[in-house]
Amino acid sequence: MSNLAVPSTPRSRTSHAVPVTPAGAPNTARIARSGMVQASPHYQTTRRHSLYGTEDRVIIDPGSRVWKVGFSGEGRPRDVFFVSPLWGLQRAPDLFQREEEDRLLAAQLQTHLRAVFHDSLLTDPKSRKVIVIEHPLLPVYVKETIAKILFENLQVPSISFASSHLLALLSAGRITGLVLDCGELESTALPIYSSRPLFHQLRTTPLAGARLTSHLRALLLLFGTYLPPPTSLSAAVNMPASSRSTRVPLEVLSDGVLEEIKTRCSFVGEAMDTALDSSVMSPMGEDPMDVDLLPSDSAPSESDFSRVSADRDSNAGPTSSDFSVVSRSQVLPGRPSTGEHQLQALADLYLRHSTATDLHLKVTPPVSQQTGTGHGTLIVPGWIRERGSEVLFEGGDVDESSVAETILDCLLKTPVDLRRTLATSILVTGGTAMLPGFIPRLHTELIQAIITSPSASARPPVSRGRPRPPAYDRYAVLRPLVPYFAILNNPSPTHPSGARGSNNAGKAPAFTPATMAWVGGSLAGVLKTGGVEVAREKWDEAGGHPGPEDSTEESDVVVRSTNVIPDWTRTPLPMGAPPANLPPPQMLEAAPLAVVGA
Amino acid sequence: MTPSVSYHCPCLSDDPVPPPPNAPSSSYGFHPLHELFFCEECDAVRCNRCVSVEVSGYYCPNCLFEVPSASVRAEKNRCARNCFMCPNCRNTLSVVPSDPQDADDGRSLGANLSAVGEPPFFLYCSFCRWDSAEVDITFEKPTGLAAQLQKFEDSAPDSLEFERLKEHFEPFLRASSSSSAAASLSGHSHAAHAHATPVNPITAAASSALARDIPGVGKYTPAPRGRRDKGARDEISEYRSRVEVKGTKDGSNVDFMRRLEEVSQVAAFGQRWANSWTTTLHSSELKPLRIPLHSKKTKRCSACRHILIKPEQKAQSVRFKIKLVAANYIPAMTVAFPPSPDPIRQRGAGTKQVPTEGASGASGLQAGGTFPFHLALTNPLYDPIHVRLAVQRPVPPPSSSSSSASPEKARRPPFAVSLPQSAFPIAAFAEAWEYEDDEDMFVGEDDEFGGLDRERGGGAGGGKGKAVGVLERRANVTVVGGEVVVGRDAKGPLKFNMLVSYTYRSDDPLAEDDVRATPSRKEKVPEMKTFSFYTVVDLGTIIPRPRTSASEVV
Chain A
1 MSNLAVPSTP RSRTSHAVPV TPAGAPNTAR IARSGMVQAS PHYQTTRRHS LYGTEDRVII
61 DPGSRVWKVG FSGEGRPRDV FFVSPLWGLQ RAPDLFQREE EDRLLAAQLQ THLRAVFHDS
121 LLTDPKSRKV IVIEHPLLPV YVKETIAKIL FENLQVPSIS FASSHLLALL SAGRITGLVL
181 DCGELESTAL PIYSSRPLFH QLRTTPLAGA RLTSHLRALL LLFGTYLPPP TSLSAAVNMP
241 ASSRSTRVPL EVLSDGVLEE IKTRCSFVGE AMDTALDSSV MSPMGEDPMD VDLLPSDSAP
301 SESDFSRVSA DRDSNAGPTS SDFSVVSRSQ VLPGRPSTGE HQLQALADLY LRHSTATDLH
361 LKVTPPVSQQ TGTGHGTLIV PGWIRERGSE VLFEGGDVDE SSVAETILDC LLKTPVDLRR
421 TLATSILVTG GTAMLPGFIP RLHTELIQAI ITSPSASARP PVSRGRPRPP AYDRYAVLRP
481 LVPYFAILNN PSPTHPSGAR GSNNAGKAPA FTPATMAWVG GSLAGVLKTG GVEVAREKWD
541 EAGGHPGPED STEESDVVVR STNVIPDWTR TPLPMGAPPA NLPPPQMLEA APLAVVGA
Chain B
1 MTPSVSYHCP CLSDDPVPPP PNAPSSSYGF HPLHELFFCE ECDAVRCNRC VSVEVSGYYC
61 PNCLFEVPSA SVRAEKNRCA RNCFMCPNCR NTLSVVPSDP QDADDGRSLG ANLSAVGEPP
121 FFLYCSFCRW DSAEVDITFE KPTGLAAQLQ KFEDSAPDSL EFERLKEHFE PFLRASSSSS
181 AAASLSGHSH AAHAHATPVN PITAAASSAL ARDIPGVGKY TPAPRGRRDK GARDEISEYR
241 SRVEVKGTKD GSNVDFMRRL EEVSQVAAFG QRWANSWTTT LHSSELKPLR IPLHSKKTKR
301 CSACRHILIK PEQKAQSVRF KIKLVAANYI PAMTVAFPPS PDPIRQRGAG TKQVPTEGAS
361 GASGLQAGGT FPFHLALTNP LYDPIHVRLA VQRPVPPPSS SSSSASPEKA RRPPFAVSLP
421 QSAFPIAAFA EAWEYEDDED MFVGEDDEFG GLDRERGGGA GGGKGKAVGV LERRANVTVV
481 GGEVVVGRDA KGPLKFNMLV SYTYRSDDPL AEDDVRATPS RKEKVPEMKT FSFYTVVDLG
541 TIIPRPRTSA SEVV
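In order, the protein sequence lines correspond to chains A and B.
For the first sequence, the UniProt record's numbering begins at 1 and goes up steadily by one.
For the second sequence, the UniProt record's numbering begins at 1 and goes up steadily by one.
I should point out that these hints are in silico values taken from the structure, not numbers from a laboratory.
Worth double-checking, as some hints may not be accurate.
With a straight-line cut-off of 27 Å between C-alpha atoms, the simulated BS3-like cross-links for lysine-lysine are [unchecked claim]:
| hint | chain 1 | residue 1 | chain 2 | residue 2 |
| --- | --- | --- | --- | --- |
| 1 | A | LYS126 | B | LYS323 |
| 2 | A | LYS126 | B | LYS491 |
| 3 | A | LYS126 | B | LYS314 |
| 4 | B | LYS297 | A | LYS126 |
| 5 | A | LYS126 | B | LYS141 |
Pairwise CB distance ranges (calculated) [said to hold, decoys possible]:
| hint | chain 1 | residue 1 | chain 2 | residue 2 | range |
| --- | --- | --- | --- | --- | --- |
| 6 | B | GLY364 | A | THR373 | 23 to 33 Å |
| 7 | B | ARG242 | A | LEU412 | 32 to 42 Å |
| 8 | A | ASP399 | B | GLN148 | 23 to 33 Å |
| 9 | B | THR92 | A | SER254 | 24 to 34 Å |
| 10 | A | THR231 | B | ASP255 | 35 to 45 Å |
| 11 | B | GLY364 | A | THR246 | 24 to 34 Å |
| 12 | B | SER284 | A | LYS413 | 43 to 53 Å |
| 13 | B | GLU312 | A | THR373 | 45 to 55 Å |
| 14 | B | GLN316 | A | THR373 | 35 to 45 Å |
Each residue gets a CB set at the ideal place from its N, CA and C atoms; glycine is no exception.
Based on the provided sequences and hints, a complete structural model is requested.
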C-alpha cells in the first residue's frame with residue numbers, strides 16, 4: 001500500500017479510509033487496466049462483444065423496506081420492490097434468538113439478492129461487479145451478510161460499498177453539502193465536504209417512515225371511521241352511511257393499507273402558525289362522527305395543549321375527565337393512556353389547521369366481520385392526511401429530535417468555517433421525503449427552529465411540541481446563517497429575493513429524493529469509481545474456506561470482518577483536542593494505515 | 001391446511017442437520033420436492049438457493065419472441081416489439097385503430113376487424129378501458145410501436161440529465177486525477193493534460209483533495225470567507241442542472257393532494273417508484289409500460305458445475321434438454337390423515353382414548369389427543385429400496401427458547417411421534433403394465449410386513465396396534481402409518497423433522513465412499529448404497545384444549 005496518499009493532517013487521515021474515498025492500491029491497479037475505456041466511456045463500443053460492457057456494474061440500493069436495483073449508466077433503476085422489514089433498530093438480546101435472527105436475515109437477503117440478478121436484471125452475477133449503496137448506519141453484520149451472499153452464493157467478482165449520502169450528493173452535481181436521508185427507520189444527516197463524508201458529525205433520529213406509519217395507525221384508530229360492507233345490497237342504498245359507521249378495527253389497518261395511505265393520500269401541510277388562531281375554533285362538522293368524538297365543552301386552548309404535550313412523558317394520567325369521550329379501548333398496545341390525551345389535543349389542533357378533504361378508501365373487512373357484501377370503507381379524515389406527518393417535525397425530545405433539529409445539530413457539530421457552506425447546500429433524500437410538501441416544510445422548520453429562541457419570541461414554541469425551552473439557546477450560533485439556508489432540491493423555494501441562500505435553493509436536478517442515492521450510484525458506476533472495491537479473491541483469501549474443521553471458523557469470521565469489508569466505523573476515532581504531550585506523529589500514522597492496508 | 005412434507009437442502013448452513021422446525025428460519029431450508037434438483041456427481045440434493053443460474057435465452061412472455069441478447073441491453077430487458085402493459089391494471093394492451101369517421105360505436109368491433117384501420121393507432125386496455133390517447137400517445141402505424149416510442153424514451157429528462165452529470169464530473173475527475181499524479185502539487189493543476197496514468201476518478205478526487213489544503217478541516221486558516229468559498233468551488237465548477245427541481249410540480253402537488261376526492265386519482269406508489277424523475281402524482285398521466293422480458297435459465301450445481309437444468313432454446317418449448325430433478329432420485333412422500341379415523345381406531349383396539357369423537361385430521365389436532373397419520377412413499381428408482389425413518393429428537397434447549405414464550409412447554413416437546421422403527425421396502429418403479437403380474441407378490445409381502453410390524457409394535461408395549469407400521473404396499477408405493485400423541489398443553493404448529501435413509505443397489509460401486517455424512521449404516525451387501533435426507537412433516541396446527549382455559553379459571 002505504498003501509494004496511499006500520505007495524509008498531512010490528522011483529520012484527513014481519518015477520512016481516507018472511508019469507503020467512498022478509495023485510496024487503496026487495488027483500485028489504482030484496476031483503473032490502469034480500464035484506462036482506455038475511460039477515454040471513451042460509451043458502452044456502445046463494447047456492446048457488441050458482450051451483453052453488457054464489462055465495466056457496467058450492478059447497483060443495488062438495499063433499504064430496510066424498499067430495494068432499488070439496476071445497471072450503472074442508466075438514469076433510473078430497472079426494478080424497485082418491497083421487502084419485508086429485513087432489519088430494525090434493535091436486535092434480540094438473547095444470544096440464541098440473535099443467531100436465529102441472523103439465519104433469518106441471511107435467508108431473506110439471499111432470496112432477494114438472487115431475485116435481483118435472476119428475476120429483475122436477468123444477468124449472470126459471475127460477470128457483474130456490484131456497487132452496494134450503504135447507509136452510513138447500516139449495521140455491519142447486515143453488510144457482511146450481504147457481502148457473504150454476493151461472494152459465496154452468487155460469486156460476483158467484486159463489491160464496492162458506497163455511501164448513500166455521498167452518492168445522493170453526486171446526483172445533484174455536487175461534492176459538498178449536508179445530506180439528510182429521511183428513510184424508513186431513521187432520518188440521518190451527514191455533512192460531506194469535498195466528497196468526503198464527515199461521518200463523525202453524523203446525527204440521526206428515529207423520526208422517519210416507520211414512525212410515521214405507526215403514528216398514522218394510531219391516529220386512524222382513534223379518529224378514523226370505518227363503514228363495514230352493507231349486509232345486503234339494498235341496505236347499501238337504504239341505510240345512511242352514518243348509521244353504519246364504526247370505529248376502525250385494528251385488522252383493517254394492515255401494512256398494505258397504511259402504506260397506501262402514506263404514499264397515496266398523505267402530504268405535508270405548511271407550518272402551523274399556532275399563535276394566530278389558537279382561540280379560533282373552526283367548525284369541524286362535516287363528519288358527524290367527529291363531533292361526538294370531540295370534547296363537548298370547547299377545544300382546548302393553546303395552553304391546554306402545551307400542557308398536555310409538555311407532560312406527556314411524566315403524566316401518570318388520572319386527569320382523564322376532560323377527555324372522557326375519547327377514552328376508548330382502541331389504543332395501540334403498549335401506548336400509555338396519556339397518549340390519548342396528547343392525540344386528542346393534537347387532533348384538535350390539526351383539525352383547525354387543515355383544509356384537506358376526507359378520503360374514502362376501499363379496504364378488506366376483517367376476517368371476523370366478513371358478513372357483508374363487498375369491501376368496507378375506511379374514511380381518512382383530511383387532517384390526518386395533512387397533519388399526520390407533523391410527527392416528523394415535532395422535536396424537543398433529546399433522543400428523538402425532529403428532522404429539522406437533526407440537521408441543525410449536525411451543523412452545530414461541524415467545524416465553524418464549514419457551516420455556512422453546508423447550510424447553503426442541504427440535500428434531502430429518502431423515501432419519506434417523497435411526501436408532497438415535505439421539503440418546503442422542512443425549510444420552514446429549519447428557519448423557525450433557529451429563530452425561535454427563549455429571548456427572541458414571547459410565544460411558547462407550540463408548533464414544535466416541546467416544553468418551554470430553558471434559557472440555554474441552542475441554536476444561537478446558527479442564527480447569523482439564517483439567510484443562507486437553502487435546500488438544493490427544494491421544489492418551491494420561498495426565499496426573499498435578497499436572501500443569499502436563494503442562489504442554491506432548488507438548483508438540483510429534479511431527480512426524486514427516493515432515487516437520488518441510486519442515481520448517484522449509477523453515476524459512480526459509469527464514472528468507474530465508487531468506493532473501495534473488494535475483489536472476490538480477497539474475500540476468499542481472507543475468509544478461506546473453513547473446510548472440515550469447524551473450530552477455526554469463528555476466528556476466520558473475525559479476521560474477515562475486520563479486514564475485508566471496509567466500514568467507516570472501523571476507522572480510528574478522530575483526534576479530539578490534542579493531548580498536552582503530543583505523541584510522536586509516526587505512531588499516529590501507523591494505526592490507520594494498518595487498517596486500510598490490510 | 002393440508003399436511004405436507006418438505007425436503008431439506010442443507011445449503012443454508014454448514015450443519016447438515018436442519019434447525020428445529022419451529023424456528024422461523026427453518027422454512028427457508030425446506031422445499032417441496034418438485035423444486036429440488038439432484039446432482040449425480042456430488043450425490044446431493046440441490047435447491048434453487050444454491051444452484052448457480054445462467055441465462056440461456058431471453059424471450060417476451062407476451063409475444064414469445066426470442067430476443068437476441070444484443071438488443072436486450074439496449075431495450076433494458078423490455079420487449080422491443082408491440083407488447084405493452086396497461087399502467088393501471090397491468091393487463092396486456094392491444095393496438096387498435098382510430099374510429100372510422102362515421103361509426104362512433106364501432107371502435108372495438110368494426111374497426112378492429114378491418115385489416116388496416118385508420119391511421120392514428122393507439123393502445124387500448126380491454127380490461128379497464130384505459131387507452132393511450134389519454135396520455136397523447138398515438139402511432140402512425142400499428143407495428144414497431146416500441147421503436148416509435150423509443151425517441152421519447154431517449155429524450156427522457158432523467159437520461160439527459162444523467163448524461164449531463166456525467167459530462168460534469170468526468171473532466172473534474174480526470175483533472176484531479178492528473179493533479180494527484182503530480183502528487184506534490186496542491187490541486188490547482190486544472191490543465192487537463194490527459195496523463196497517461198489513468199486513475200480512478202474518485203480516487204483521484206480523493207487524493208487530490210487529500211493533498212490539498214482543506215479549508216476548515218485540517219488546520220485553521222484565518223482566511224476571509226469569500227476566498228474559502230471560492231476555493232471550494234475551484235475544485236469543481238458549479239453544476240447547472242438541465243432541469244432544476246425548482247418550479248416542478250411539488251407545489252401544485254400539495255394543492256392537488258389537499259383537494260383530492262378519490263384515491264384513484266393519485267398514482268399508486270408502485271406505479272411511480274421506479275421513476276427517478278420528479279413527475280406528477282396524477283394517475284391519469286401514467287404511461288404505458290413495456291413488458292419485461294423473461295429468461296430461460298440454465299442451472300448448475302454450484303459445487304461441481306455440472307448442469308442440472310437446461311431448457312430448450314425455443315421460447316415456445318416447455319421441455320428441457322437436461323433435467324436432473326430430485327423427484328427422479330429420492331422417494332416422494334405425502335402425508336395424510338386417514339379419511340375416516342373410526343375404523344382404524346377400532347381396528348387398532350386402541351388403548352389410547354381419543355377424547356373428542358371425530359377428532360380426525362379433518363377437524364384438527366386437538367391438544368391431548370392421539371392421531372394416526374399415513375405416510376405414503378413412492379419410489380422413483382428402477383430398483384427396490386429399503387427405507388428407514390427416524391424422527392429427529394428435538395434438542396430441548398434451543399427448540400424451547402425458539403418456540404417463544406411458554407416456559408412450561410420448554411421442558412418437553414409438546415408432542416411425541418411414533419413411526420415404524422425398522423426398515424421397510426418399496427418396490428421398484430416400473431411402467432404401468434408391468435405391475436399386473438406382480439400383484440400377488442406384493443400382497444403377500446404386504447401381509448408379511450404388516451404382520452411383522454404389528455408384532456413388533458405390540459412387543460414394544462405401546463399397544464399401538466395397526467396404526468404404526470406398514471399399512472399398504474402397491475406398485476412402487478408403500479404407505480406406512482404413524483401416530484402422534486399431542487400433549488395436553490400443546491399449541492402451535494405440529495411439525496417435526498424426519499430423517500429418511502434409503503438403501504438402494506448402486507450401479508457404480510466406486511462411488512460408494514462419497515456417501516453423504518449422514519448417519520448411514522454400512523450395508524452388508526457391498527454394492528448397496530445409502531442416501532439420507534431430512535424432511536419436515538407439517539401435520540397442521542394444534543387446536544388448544546378449551547378445557548385449559550376453564551381450569552385456569554378454577
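We went through each hint and held it up to the structure:
A hinted pair counts as satisfied when its Cα atoms are at most 27 Å apart, and A:LYS126 with B:LYS323 qualifies at roughly 23 Å. For the hint linking A:LYS126 to B:LYS491, the alpha-carbon distance of about 46 Å lies beyond 27 Å, and the restraint is violated. Restraint check for A:LYS126 and B:LYS314: satisfied, since their Cα atoms lie roughly 25 Å apart, inside the 27 Å limit. Pair hint B:LYS297 plus A:LYS126 holds up; C-alpha atoms about 14 Å apart against a cutoff of 27 Å.
Of the supplied pair hints, the one linking A:LYS126 and B:LYS141 is violated, its CA atoms being roughly 42 Å apart against a limit of 27 Å. At about 30 Å, the beta-carbon gap between B:GLY364 and A:THR373 stays in the expected band of 23 to 33 Å. Remark: the range hint 32 to 42 Å for B:ARG242 to A:LEU412 is upheld by a beta-carbon distance near 35 Å. With their beta carbons about 57 Å apart, A:ASP399 and B:GLN148 fall outside the hinted range of 23 to 33 Å.
A hinted range of 24 to 34 Å holds for the C-beta pair B:THR92 and A:SER254, which are about 29 Å apart. A:THR231 and B:ASP255 have their C-beta atoms about 39 Å apart, which keeps the hinted 35 to 45 Å range intact. Hint check: B:GLY364 to A:THR246, Cβ distance near 32 Å, so the stated range 24 to 34 Å holds. Distance hint check for B:SER284 and A:LYS413: the Cβ-Cβ separation is about 46 Å, which falls inside the suggested range of 43 to 53 Å.
For the hinted restraint 45 to 55 Å between B:GLU312 and A:THR373, the CB-CB distance of approximately 48 Å keeps it satisfied. Checked against the given bound of 35 to 45 Å, the beta carbons of B:GLN316 and A:THR373, roughly 43 Å apart, stay inside it.
In summary, the numbered hints that this structure violates are 2, 5 and 8.
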